[in-house]
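Undergrad: The listed protein sequences derive, respectively, from chains A, B and C.
Going by the UniProt record's numbering, the residue at position 2 of the first sequence is 2; the numbering climbs one at a time, nothing skipped.
Going by the UniProt record's numbering, the residue at position 497 of the second sequence is 497; the numbering climbs one at a time, nothing skipped.
Going by the UniProt record's numbering, the residue at position 364 of the third sequence is 364; the numbering climbs one at a time, nothing skipped.
Rather than coming from a laboratory, the hints here were simulated on the basis of the structure.
Incorrect hints may have been included.
To be verified - Cβ pair distances, simulated, as ranges:
no., chain 1, residue 1, chain 2, residue 2, range
1, B, R215, C, T621, 53 to 61 Å
2, A, D506, B, K86, 55 to 63 Å
3, C, A65, B, G456, 53 to 61 Å
4, B, R215, C, R215, 44 to 52 Å
5, B, S280, C, A24, 48 to 56 Å
Note that CB positions come from ideal geometry on N, CA and C, so glycine has one too.
Listed below, chain by chain, are the residues.
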Amino acid sequence: MTRSIGVCYYPEHWPEEIWAEDAARMAEAGIKWVRIAEFAWSRMEPEEGTYDLDWLDRAVDTLGAAGLKIVMCTPTATPPRWMGTKHPDMYAVDAQGRPRGFGSRRHYDFAHHGYREDCARITAKLAERYGKNPHVAAWQTDNEYACHDTTVSYSPVALVQFRDWLARKYQSPQALNRAWGNVFWSMEYASFDEIALPNLTVTEPNPAHVMDFRRFASDQVAEFNKVQTDILRRHTDAPLIHNYMGFEISFDHFKVGADLDVASWDSYPIGFLSQKVQASDAHKIHHLRTGDPDLQGFHHDLYRAVGRGRWWVMEQQPGPVNWAPWNPAPLAGMPRLWAWEAFAHGAEVVSYFRWRQAPFAQEQMHAGLLRPDSAPAPALAEATQVAAEIAQLGEDAGCAKGQAAIVFDYASAWAWETQPQGRDFSYYQIVFDLYRGLRRLGIDVDILPPDTGALGDYKLALVPAMFTLPDSLKAAITAHEGIVLVGPRTNSKTPDFAIPTPLPPDLAGLDCTVARVESLPPSATVSLHGGGHFKRWFEELESADVLLKTEDGMPAVVGGNLRYLAGWPDDAACHHILSDAAKAAGIVTETLPDGLRRRDTQGHRIWFNYNPAPVTHRGLTIDGCGVHIEKL
Amino acid sequence: MTRSIGVCYYPEHWPEEIWAEDAARMAEAGIKWVRIAEFAWSRMEPEEGTYDLDWLDRAVDTLGAAGLKIVMCTPTATPPRWMGTKHPDMYAVDAQGRPRGFGSRRHYDFAHHGYREDCARITAKLAERYGKNPHVAAWQTDNEYACHDTTVSYSPVALVQFRDWLARKYQSPQALNRAWGNVFWSMEYASFDEIALPNLTVTEPNPAHVMDFRRFASDQVAEFNKVQTDILRRHTDAPLIHNYMGFEISFDHFKVGADLDVASWDSYPIGFLSQKVQASDAHKIHHLRTGDPDLQGFHHDLYRAVGRGRWWVMEQQPGPVNWAPWNPAPLAGMPRLWAWEAFAHGAEVVSYFRWRQAPFAQEQMHAGLLRPDSAPAPALAEATQVAAEIAQLGEDAGCAKGQAAIVFDYASAWAWETQPQGRDFSYYQIVFDLYRGLRRLGIDVDILPPDTGALGDYKLALVPAMFTLPDSLKAAITAHEGIVLVGPRTNSKTPDFAIPTPLPPDLAGLDCTVARVESLPPSATVSLHGGGHFKRWFEELESADVLLKTEDGMPAVVGGNLRYLAGWPDDAACHHILSDAAKAAGIVTETLPDGLRRRDTQGHRIWFNYNPAPVTHRGLTIDGCGVHIEKL
Amino acid sequence: MTRSIGVCYYPEHWPEEIWAEDAARMAEAGIKWVRIAEFAWSRMEPEEGTYDLDWLDRAVDTLGAAGLKIVMCTPTATPPRWMGTKHPDMYAVDAQGRPRGFGSRRHYDFAHHGYREDCARITAKLAERYGKNPHVAAWQTDNEYACHDTTVSYSPVALVQFRDWLARKYQSPQALNRAWGNVFWSMEYASFDEIALPNLTVTEPNPAHVMDFRRFASDQVAEFNKVQTDILRRHTDAPLIHNYMGFEISFDHFKVGADLDVASWDSYPIGFLSQKVQASDAHKIHHLRTGDPDLQGFHHDLYRAVGRGRWWVMEQQPGPVNWAPWNPAPLAGMPRLWAWEAFAHGAEVVSYFRWRQAPFAQEQMHAGLLRPDSAPAPALAEATQVAAEIAQLGEDAGCAKGQAAIVFDYASAWAWETQPQGRDFSYYQIVFDLYRGLRRLGIDVDILPPDTGALGDYKLALVPAMFTLPDSLKAAITAHEGIVLVGPRTNSKTPDFAIPTPLPPDLAGLDCTVARVESLPPSATVSLHGGGHFKRWFEELESADVLLKTEDGMPAVVGGNLRYLAGWPDDAACHHILSDAAKAAGIVTETLPDGLRRRDTQGHRIWFNYNPAPVTHRGLTIDGCGVHIEKL
Ligand SMILES: [Zn+2]
Ligand SMILES: [Zn+2]
Ligand SMILES: [Zn+2]
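Generate coordinates for the entire structure from the input sequences, incorporating the hints supplied.
TA: Written out as structure tokens, the structure reads:
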């Protein structure tokens with residue numbers, strides 16, 4: 001596998017006179033890839049049907065002439081202003097019923113078929129012109145689907161499509177009524193045209209209604225993307241990519257990814273720690289300028305799964321950003337560390353966002369590799385260093401297969417939002433907590449999609465918190481030879497979002513019934529025998545095979561090779577429970593110091609120190625923010 | 001008085017094949033009452049004018065055949081979907097101007113006369129069919145009026161009715177302008193048609209405007225209910241009941257209750273503690289799985305007043321619920337304890353909600369007496385035990401008359417919301433704090449309505465925080481022979497919500513003038529001589545009869561037999577002030593340990609231990625979550 | 001300069017029979033000024049075109065006969081109900097798109113030209129009638145512009161005017177696109193009619209768009225006010241005044257003030273401390289009943305600048321108010337202290353709000369000099385005492401010129417809101433923190449407008465946090481002979497709200513480049529060498545002239561006479577940095593005890609003790625809440 005460095009560039013933002021110098025400086029820094037054009041629709045088609053792509057031709061030529069490979073983007077995340085005149089109903093509508101209008105970006109409803117046609121038109125225009133261009137070596141569709149909470153829209157357009165989607169799924173309103181249990185509060189429908197979107201109800205709507213709406217909304221993203229990939233496939237052999245987000249679960253990335261060749265994501269470690277991570281204040285302050293030590297790895301492993309092995313970081317944070325609640329600057333070394341960590345987890349390309357900080361408009365406070373005055377920002381030297389280091393290290397067959405696997409299921413994330421049972425509950429967070437527990441034990445992890453039909457030869461597989469198991473996965477779990485840890489809430493719902501009978505988890509070979517569940521406020525936890533606690537969630541299990549008990553003598557983990565977890569473990573409980581599981585699985589573990597992580601590739605073991613200060617571990621001292629590469 | 005156990009049942013949720021077995025199991029458990037039908041309108045009348053009550057006939061027959069008495073409900077809390085097509089303007093509108101649409105329950109505006117007519121029609125249909133049915137032994141109107149904040153609606157329909165209501169009350173816009181003081185900010189109206197609802201104003205609307213709107217909204221609930229009771233009275237002699245809520249003050253329950261025979265309420269101790277109680281985190285965690293030790297008693301006493309002596313618990317929490325911020329499971333013993341506490345306070349029936357946990361729709365995470373798989377949930381054995389215990393104990397002439405009385409006034413709750421003067425101010429809370437103070441002293445309490453014309457022979461009567469005293473109550477207070485404790489804010493407003501002259505409290509025989517008031521943030525309190533503090537609220541009193549001073553020498557309690565309280569007392573101050581008042585009143589008090597409470601019936605003294613662990617008091621040890629019954 | 005006491009009075013609220021007695025009591029108390037009529041439009045013009053000013057004539061006569069001078073107000077803050085029938089689109093619209101209707105006050109959109117015409121009409125009516133009236137000695141336009149967040153409106157009317165405003169400013173949409181950088185996300189406009197207001201966008205709108213909208217909204221206030229001043233000037237020679245607010249930065253007060261003769265503001269120390277001040281809980285509790293010791297002084301100095309030397313307190317808090325989150329009562333002495341502090345800072349008049357507490361409508365819980373029952377409230381005696389004291393002290397040539405100056409710029413306040421980069425960032429707060437730092441050193445401060453062309457002979461001048469420096473101020477800064485302290489963020493934007501090149505601050509004679517900026521959460525601060533911290537904001541500076549470093553060795557203050565501050569200093573850092581700057585400037589400082597402040601007039605040094613308890617400083621003991629006047 002060849003690793004390379006890239007950068008995001010906006011020729012339309014800069015005078016044409018400096019393009020060539022920019023390209024030369026990129027090449028000089030060792031940058032191989034440059035992504036362009038994803039917000040430039042108003043320059044490509046200033047009026048409907050009037051195209052101007054000459055400037056883009058010249059940009060491609062200039063960059064290509066410097067030896068750079070181009071990622072060409074469809075510009076559909078930013079429809080021009082005239083599009084809204086053409087389609088006044090194309091804007092999404094928020095849960096309060098307010099249209100989300102023009103003036104920033106992502107101002108469109110995925111379900112609007114008229115807009116999809118215009119997207120097809122501009123995609124075809126670009127595909128025809130650049131599909132065979134020798135410099136255009138990859139394509140990106142749109143930009144950051146779902147960003148700014150745009151997957152779900154409560155528009156009239158979405159309503160019409162949702163009714164059709166329901167009609168196709170259920171065929172009759174009576175079937176829908178039965179599936180949703182609409183008898184419950186006289187919610188029965190006589191026609192699909194009576195069904196509304198599940199917002200602005202007096203109290204919570206039927207969770208089955210909400211779940212179908214979430215599935216529908218996710219499908220719209222996949223359909224929207226496929227319109228573009230179908231066209232691109234007809235004109236190019238270059239790989240098709242989308243740049244996904246961190247912490248984004250509103251659509252099924254596996255479904256979108258099925259139509260693409262490579263997954264990529266936009267990695268902003270400092271911004272995400274500030275905005276998204278649930279952690280103690282002490283942890284957040286300790287990692288304020290480094291980012292969380294597990295967050296990037298989790299996404300790397302997730303998107304490697306979404307890309308079926310092929311993935312990039314399309315946007316890598318180079319300095320302070322503009323969009324988090326607070327925006328600290330990374331410590332020196334971190335832009336290099338983040339890139340190396342991505343490569344260790346198998347990334348083909350790490351592309352910094354952006355080349356030069358734009359002095360105008362919404363992101364003017366977002367750092368680039370260059371300052372607005374074209375002087376180098378600190379990250380330029382680090383990117384240059386990484387480019388040199390990867391060249392020096394040479395080929396590597398990619399990241400090593402993980403010792404443990406975790407199944408990740410987007411529909412379960414919607415389910416946890418639909419029926420949390422407790423404030424601040426999140427599927428994302430419980431999976432991440434378990435991932436962190438494995439990583440602190442030095443275990444490399446692979447992520448698997450929910451429709452996986454086999455758990456392979458993983459000695460340890462986790463299927464936490466997954467509301468509905470497909471039959472294929474159920475079979476894989478019960479057939480697996482290694483240790484499988486499931487629960488809590490795993491298999492707790494039918495596909496129609498009802499409680500199944502027999503009661504969950506109802507897995508062959510596992511003597512376990514969830515008799516009762518409870519959610520707990522932050523200051524109430526359940527102490528476990530041997531240390532650690534369950535937090536937020538606890539299930540009363542009936543089982544004859546108790547592996548671990550709570551201090552009160554209730555089952556905490558039950559089963560044998562297939563085992564069930566009765567609650568949401570805190571860090572100490574994760575350590576305890578996952579150590580036991582790893583031992584049972586025959587995995588050698590190594591408890592890592594706080595903030596130190598490692599990942600194996602097929603040829604190397606690479607260490608990352610997420611602490612500002614040096615760490616010594618087993619005789620090896622690694623600098624603060626440092627990377628250490630060992631040959632295996 | 002005969003005590004009995006009941007249950008809520010939804011035959012329409014289950015296959016008809018299992019009804020008989022369900023009925024047999026209920027009877028076997030000692031259950032005497034079963035409530036049915038309150039959400040089944042879409043099954044009773046699937047299309048407008050097309051009725052199907054055969055299934056309900058069969059359900060009544062099946063349950064009745066097992067010896068169960070039925071509470072038949074009108075289904076008007078859940079109008080079917082076709083009703084919204086018939087009356088598109090029937091939905092309530094929230095304070096932000098958004099219609100609260102179909103898809104859950106309570107999707108109607110109390111002020112919509114067209115919908116009232118349809119409610120009359122379905123009520124008549126049921127009344128005609130079951131009014132004389134021997135198994136139907138009680139009726140419930142609608143379900144949980146006001147639940148999900150549905151009393152107040154800002155709809156066009158409400159506006160039309162509000163203008164009429166104002167025109168009837170004031171007769172001329174000039175009279176309204178004078179009463180409201182509309183000269184204040186040039187808010188004068190020339191016509192009733194110029195008056196809007198008091199939402200979406202630039203800053204706060206006139207409090208007199210708000211108060212009239214609150215009175216109007218409360219009246220709509222009473223009128224809505226009376227439409228149904230008028231019809232039911234013509235067809236049945238069975239008692240008419242409504243199931244009120246906990247912590248619900250948005251309408252005048254005494255006014256609604258006047259048209260009913262029995263009050264009932266829906267008691268969810270664990271959910272309420274999590275969602276509604278203002279208390280320290282330590283208290284909430286200590287009682288996490290028991291509920292607050294005074295909350296249920298307060299409501300029991302309140303609804304005994306609303307029911308003029310006759311009251312039920314219509315829905316008793318059996319296990320974890322689904323709707324609170326967090327939903328812990330009750331400790332073993334609590335479902336029994338709660339039932340016994342209700343009986344001690346005079347309940348005729350305690351009815352558990354619900355028979356079997358529904359696996360579908362909004363409440364699928366709400367426990368029942370049975371699990372979704374029909375196995376017994378833990379509460380079934382406790383309900384069975386209670387049924388046996390009450391049978392064994394036999395008849396009892398009802399709860400004993402309280403030693404102290406508290407006047408409770410819904411209009412004052414609206415007044416505190418309309419003019420709080422401080423964040424987190426609540427009439428409900430200050431009354432409850434004083435109630436708790438009495439209960440910790442072992443004092444049994446009766447609640448009195450605001451239009452009470454005499455305070456009876458209560459040795460101690462409290463009239464706290466009641467903004468406007470009717471003349472009858474004023475007379476009763478000044479004529480009372482026992483100790484009366486009033487204030488703060490008592491009688492501080494005219495009926496038109498203005499400050500009266502002479503200044504409050506202006507009570508004959510009480511030398512007291514409120515010269516100035518202030519509200520205080522949480523960390524600023526006023527220390528009292530001898531311990532305790534005022535919190536949130538303090539009044540500067542002018543009086544020659546000072547009974548208690550603040551540490552700064554200001555009056556804290558003034559008067560003699562009729563005494564005035566200058567602030568909102570914390571727990572220690574309540575203990576101090578109420579002990580003094582009880583001593584003056586000749587009431588023997590007994591400070592109870594934390595979490596231990598007792599209530600006298602006419603034949604027994606019953607003790608309740610709201611602590612998870614045993615408590616020993618005066619040589620008597622009561623188990624954690626235990627009940628102890630002594631013969632008097 | 002003659003100092004006098006005034007009061008706000010509403011004859012229309014009281015029976016005409018008591019006007020004369022009220023006037024006599026005012027005169028007896030030493031009150032010289034009485035403000036009337038600002039909310040009385042519905043009484044002046046009960047129907048459109050039907051005027052009734054006879055009652056106002058009689059009120060003027062009655063008050064004038066008692067020797068009182070009248071401030072006559074235009075009543076345009078409270079248009080009568082019929083106005084909304086005439087102009088249904090006159091109401092402002094909030095950011096969520098909801099009209100802000102009739103029912104309180106300030107229910108109008110500044111941009112509505114039809115309403116402006118009606119305001120002109122009623123202003124002319126009053127001006128013609130009272131312009132030469134010997135008792136009417138001053139005029140107030142409207143009341144508290146911007147109160148209740150009314151400057152910015154998202155109405156259709158505002159949209160039309162905004163497009164015209166943009167067309168006048170930019171002449172072509174292409175020029176606007178270039179200025180705003182609309183190429184960024186394909187946000188380019190082909191016509192001014194395509195531009196929307198910057199609310200309800202999918203994510204943040206272009207900050208240049210927001211800033212122009214803020215400038216537009218500010219201009220509407222100035223235009224609205226000028227309609228009235230132009231008319232008044234034609235009929236009266238009395239000074240024209242507006243009563244501004246505390247903490248209000250939504251419009252450019254210097255621009256509005258240019259059309260007026262005297263600035264005034266409404267000073268509510270207790271309410272503001274509760275509602276507006278960012279401070280520790282300990283500080284807020286310590287000053288709960290005194291108000292913040294620097295808040296009033298800051299506004300006094302600011303409004304002295306807005307009034308070009310002439311200013312009043314138009315409304316002075318006399319007791320508890322009704323509108324803050326909590327409303328404590330002032331300690332005895334504070335209503336006197338506040339008045340004296342205003343006089344020390346140069347006020348001509350301090351006018352208490354209000355004469356008698358109104359028993360009805362929105363402000364019934366707002367204290368006056370009289371209670372609702374006409375008995376004296378505590379502040380009456382204090383007002384009377386102040387009146388006597390100022391008479392006794394006699395003439396004084398006004399407040400002394402400050403030793404230090406601070407430039408205050410409203411547009412920068414909008415800029416900080418538009419692009420905070422961190423939660424809770426506020427231009428107001430950082431300027432206030434520096435002001436407090438100077439005041440704790442005993443330094444008297446003058447405030448300067450942003451268009452100042454010279455910094456005069458101030459030994460020390462601060463230009464903190466001002467996003468865009470006009471050329472005149474830039475020249476003044478670089479030409480100044482004293483010490484000038486600028487930064488952070490000073491001169492960080494072009495007039496089009498872009499980052500300039502060369503990078504900021506780009507000031508001649510200052511070797512300083514802001515290489516990178518970061519915002520910080522509350523628990524992350526940057527320690528300074530020698531004590532104190534930067535909080536919230538830190539800039540990495542390039543400079544050869546480092547005056548102060550951080551503990552990590554980064555520049556914290558750089559330059560020489562012209563010096564740049566790299567972050568937001570906390571109290572200790574302010575003390576440290578401002579002491580150094582004062583010493584360099586040759587200003588003698590004196591660190592004052594907590595809560596003790598002083599201000600020099602041209603004849604006296606006046607001390608204010610904002611502590612409840614006495615303070616001894618340099619041998620002088622001042623009572624709690626006390627004032628001490630020394631002759632200079
Ligand atoms: Zn850490
Ligand atoms: Zn307790
Ligand atoms: Zn202080």
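Undergrad: At the C-beta level, are D506/A and K86/B separated by a distance inside 55 to 63 Å?
TA: violated (44 Å)
Undergrad: Tell me if the beta carbons of R215/B and T621/C are separated by a distance inside 53 to 61 Å.
TA: 57 Å Cβ-Cβ, so the 53 to 61 Å window holds.
Undergrad: Does the hinted range 44 to 52 Å hold for R215/B and R215/C at CB?
TA: This hint holds: roughly 47 Å between Cβ atoms.
Undergrad: Honestly, do A65/C and G456/B meet the 53 to 61 Å range at C-beta?
TA: Between A65/C and G456/B, where Cβ atoms are some 59 Å apart, the hint holds.
Undergrad: If I claimed the Cβ atoms of S280/B and A24/C lie 48 to 56 Å apart, would that claim hold in this structure?
TA: holds (55 Å)
Of the numbered hints stated above, the single one contradicted by the structure is hint 2.
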